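A.B. asks: When we follow our numbering, the leftmost residue of the sequence shown carries the number 3, and every step to the right adds one.
If you're looking for bench data, these hints aren't it; they were derived computationally from the structure.
The structure displayed is predicted, hence computed values, not measured ones.
Don't take every hint at face value.
Keeping only pairs whose Cα atoms sit at most 25 Å apart, straight-line, the calculated BS3-like set for lysine-lysine is [unchecked claim]: (1) K101 - K7; (2) K227 - K199; (3) K187 - K22; (4) K57 - K8; (5) K227 - K101; (6) K187 - K101; (7) K101 - K57; (8) K101 - K199; (9) K77 - K65; (10) K70 - K57; (11) K187 - K199; (12) K57 - K76; (13) K77 - K22; (14) K7 - K57.
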Amino acid sequence: RWQAKKIIPLPIEEMVLDWKILSTTEIKKGAKEKETPLSSPFIKGEEKEGKEEMKILLTGAAKNLVAKYVEIFKKANLDLLGLETEAFALIRTLIGGDKSVIMLVNIGAATTDISVIDEGIPFLNRSIDVGGLTITRAVSNSLNVNLSHAEQFKYDIGVVLGEGKKGEIPQTIENAISPIVNELKYCINLYQGQSGKTVEKVILGGGSALLLNLVSYLSQILNIKVYIGDPWARIIYPEDLKPVLTKIAPRFAVAVGLAMRDII
C-alpha cells in the first residue's frame, strides 16, 4: 500500500485496490534501482540484496464510483458479479493471445480511453474528456442542426483524406478529434521513451470507431497500422447475423469482454 501511494491519483483511503503478482526476481549484489514511471500500473516491493523483487499489476477505482455502480445494480435488482476496468475487458475481447505492443483506443460518448498493452499486460493507461459526443456537438454547431441530425452527418461524411480543399464538416470533425490524435501521439512517444519499444498496431473500439475513413486517417497521421476491433472474433454466432454484428461491433467491445470474464 505504501508503494501504491506513489502512483494512484487519489488518497489511498478513497480507493478500492486490487493487484496481481506478475513475476518475482532475486535482487543481485550491485543491482541498480530502477524508477517506476508515474504512469505505470506496476509497483515493486522494497529492494534489498538477497531479497525478492515482485512486479505487481495494480488496479484501482475510487470508492464513491464503486459504490455508485453497486447501488445501480441493487436498484435494478441484479446480482453484481464483479467490477473491472475497461482495459482488461478490451484486452480479453480485442487482443486475445497477441503478445505484440498494441495501443487500444476506446472512443466512447464522453471520453476516450487509451491503453498500451505489451504481452497482454496494460503498461500505460490514460483518459481524456473527448469522445463521440464532442464530435457530434462540433458538427451540430457548424451546421446549426440538432444533435440527432449531426450524429447522422458525422457517420455519413467522416474524415476527408488527402490534399486539396476540404469541406466545412470534414474540417470540423478533424478539429474535434485533434485532441485525441495529440493524445495518441503523446502516449506512443511516452511508452517508447519508457520501454524502448514501439507500438506496432492500434485497435479502435467504441461507437465513433465507425467514423468513415477514421482508420485510414489515423494510420496516415500516426504511421502505424490501425484496425477496428472485432469483439465477435472469439464468439460463435449464426452466419446470417454477421452483417448486423459487424455494423455494431465496436460498440460492444467492452460489453463482450466483460461477458468473457469467467471464460478466458
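A.B. asks: Could you run down the list of hints and mark each one as holding or not?
C.D. replies: Results for each hint:
Straight-line distance between C-alpha atoms of K101 and K7 comes to about 30 Å, which puts the hinted pair past the 25 Å bound. Distance check on the hinted pair: K227 and K199 sit about 16 Å apart at the alpha-carbon level, within 25 Å; holds. Restraint check: the Cα-Cα separation between K187 and K22 comes to about 29 Å, which exceeds 25 Å; the hinted pair is violated. Distance restraint check for K57 and K8: the Cα-Cα separation of roughly 15 Å lies within the 25 Å cut-off, and the hinted pair is therefore satisfied.
Annotation: proposed proximity of K227 to K101 holds, straight-line Cα distance about 16 Å (limit 25 Å). Annotation: proposed proximity of K187 to K101 holds, straight-line Cα distance about 21 Å (limit 25 Å). Of the pairs offered as hints, the one joining K101 and K57 holds, with about 18 Å between alpha carbons and a cut-off of 25 Å not exceeded. Restraint check: the Cα-Cα separation between K101 and K199 comes to about 13 Å, which is no more than 25 Å; the hinted pair holds.
Simply put, K77 and K65 have alpha-carbon atoms about 18 Å apart, close enough for the 25 Å limit, and the pair holds. Our distance criterion of 25 Å between C-alpha atoms is broken by K70 and K57, whose separation comes to about 31 Å. Our distance criterion of 25 Å between C-alpha atoms is met by K187 and K199, whose separation comes to about 14 Å. At roughly 36 Å between alpha-carbon atoms, K57 and K76 are farther apart than 25 Å, so this suggested pair is violated.
Distance restraint check for K77 and K22: the Cα-Cα separation of roughly 31 Å exceeds the 25 Å cut-off, and the hinted pair is therefore not satisfied. Among the hinted pairs, K7 with K57 is consistent with the structure: their alpha-carbon atoms are about 16 Å apart, no more than 25 Å.
Hint compliance for this structure: hints 1, 3, 10, 12, 13 are broken, all remaining hints hold.
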